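With the hints as extra help, turn the sequences into a complete structure.
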Amino acid sequence: MSDRSFEVKTHKMTEGNPFHTILLFAIPMILSNLFQQLYNVIDTIIVGKRLGTDALAAVGSASSITAVFVQLASGLALGGSIVIAQYFGAGRTEKIWRCMSTSVLFSAGVALVSTTVIWAGAEPLLRLVNTPGKIIEAGVVYLRFYFLGCAPIFVYNALNGVYVALGDSRTPLRFLMISSALNVMLDLLFVIALHGGVGGAALATAISQFVAAALAMMDIPKLLKEFEHRKSDPLFDRTMLLTMLRFALPSALQQSIVSVGSVIVQATINSFGPAVIAGSAAAARVINLATAVPINYSNAYANYVGQNIGACKDERIRPGLRASILSCGGLSLVLTVIFEIFPEQIIRLFVEESEAGLEQVIAVGTAYIRVVGAFLVVFSAFMLVKATFKGSGDMGWFILTTLLSFFIRLFLTVGFAHTVGVDMIWWAFCAGWTIALFVSAARYIQGGWRGKRITSPDDV
1 MSDRSFEVKT
11 HKMTEGNPFH
21 TILLFAIPMI
31 LSNLFQQLYN
41 VIDTIIVGKR
51 LGTDALAAVG
61 SASSITAVFV
71 QLASGLALGG
81 SIVIAQYFGA
91 GRTEKIWRCM
101 STSVLFSAGV
111 ALVSTTVIWA
121 GAEPLLRLVN
131 TPGKIIEAGV
141 VYLRFYFLGC
151 APIFVYNALN
161 GVYVALGDSR
171 TPLRFLMISS
181 ALNVMLDLLF
191 VIALHGGVGG
201 AALATAISQF
211 VAAALAMMDI
221 PKLLKEFEHR
231 KSDPLFDRTM
241 LLTMLRFALP
251 SALQQSIVSV
261 GSVIVQATIN
271 SFGPAVIAGS
281 AAAARVINLA
291 TAVPINYSNA
301 YANYVGQNIG
311 ACKDERIRPG
321 LRASILSCGG
331 LSLVLTVIFE
341 IFPEQIIRLF
351 VEESEAGLEQ
361 VIAVGTAYIR
371 VVGAFLVVFS
381 AFMLVKATFK
391 GSGDMGWFIL
401 TTLLSFFIRL
411 FLTVGFAHTV
421 GVDMIWWAFC
431 AGWTIALFVS
441 AARYIQGGWR
451 GKRITSPDDV
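Residue numbers (our numbering): 1 to 460.
Treat the hints with caution; some may be incorrect.
Between beta-carbon pairs, the in silico distance windows are [unchecked claim]:
hint, residue 1, residue 2, range
1, A108, I264, 27 to 33 Å
2, G109, A441, 20 to 26 Å
3, F407, N17, 34 to 40 Å
4, G448, F416, 31 to 37 Å
5, G396, K313, 43 to 49 Å
6, Q345, H20, 32 to 38 Å
7, G121, F411, 25 to 31 Å
8, G396, A431, 21 to 27 Å
It should be emphasised that the hints constitute simulated quantities derived from the structure, not laboratory data. None of the values given here were measured: they were computed from a predicted structure. Note that CB positions come from ideal geometry on N, CA and C, so glycine has one too.
Here's what the structure looks like:
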């Protein structure tokens, strides 16, 4: 490639030391998601401090529903990302423009349908998850304003999948830094200055998502400018869509099942009352911040697997996994120590000291952080091992291990939370991760994932 700036933006992961290759690619991805999670944390702090426990509970209850659609967007984007990574590794770059445009258009269409569903069914959905009556109205407002940004969320995820597949993790970081800073400023404006309540917090998020998507749309032609692209090529290619859906549909279905199941888990949490909802909502924001590290490290490693599988360099995968587990596990261990020492201080950041029921909110949030935080290293290993399946295209086992982890959590939560106590909900996370890790490791050692590539040696 003749354009030096283009070479810097894209990155082949089929050469060089696996440890440095994956780590340098993973760091911007981790920072990107940390910025995204951080503004969720700040958003929650502002709501809890300025609007009170009931408002925090309303956002927590609604968030279980928004997660269904965020995970759907992520699942659909995954199909395009895997296909592009393997084509890029194999040198089949003429297919990348069509794959990108097809992924974006399909994702945008799904987003419009999703927005219509939420605007029409926000209240019934909240009642379905046992949301207490006194916070339903606030929950409806939050959902409807949040989903004004649904289409940008889907489009941004599709474009982010292209950046990641081509080895450019720095550009999305810039976009998310801008949108995260904007989200915080708009939170302060809408919630504090204009007294917009939970609707203001949701609107701030929607606007920031629109900005991130717009920035990606304007920049993506620069990333792809060196690849073959004829004006006569269709923007929407049905054959390409079917190829992407081979990976995207199972992943989207799996993530939707997990998210719907999470709604059931949230319904169980909601049945314990507003104080438990508020405490778990605060803790969940913190845990999501921590799990962003292994989730994004595993995404970087999955892209490494995809490119090397596409280039028929399977021998690079095992040292890549070993290096990833050591580095990501070390980062997770640091977070575990922090969570075990300072859980109460962390939860107090989210609540107003004069609130009624404060001690129960703090007790619930503290227990959540301590229990789940202790298993972050296990979660890291699980995410990395199953990322091998995602990058290679072994979607059956990727989905199986994900669903296994989740259904163990669901069974323990629904079956035993009201008998053993609310802490069972947090322990259920850990049991699911641990058992699924052993199953994933067995599949990795067996090696069947190696035969799932979409390219062949003739493509290289």
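To see whether the hints hold, each was checked on the structure:
1. A108 x I264: 27 to 33 Å: Holds, since A108 and I264 (Cβ atoms, about 29 Å apart) stay within the stated range.
2. G109 x A441: 20 to 26 Å: Violated: the Cβ-Cβ distance is about 38 Å, outside 20 to 26 Å.
3. F407 x N17: 34 to 40 Å: Check passed, 38 Å falls within 34 to 40 Å.
4. G448 x F416: 31 to 37 Å: holds, 34 Å
5. G396 x K313: 43 to 49 Å: Given about 23 Å between the Cβ atoms, the range is violated.
6. Q345 x H20: 32 to 38 Å: holds, 36 Å
7. G121 x F411: 25 to 31 Å: Cβ of G121 to Cβ of F411: about 27 Å, so the range 25 to 31 Å holds.
8. G396 x A431: 21 to 27 Å: holds, 23 Å
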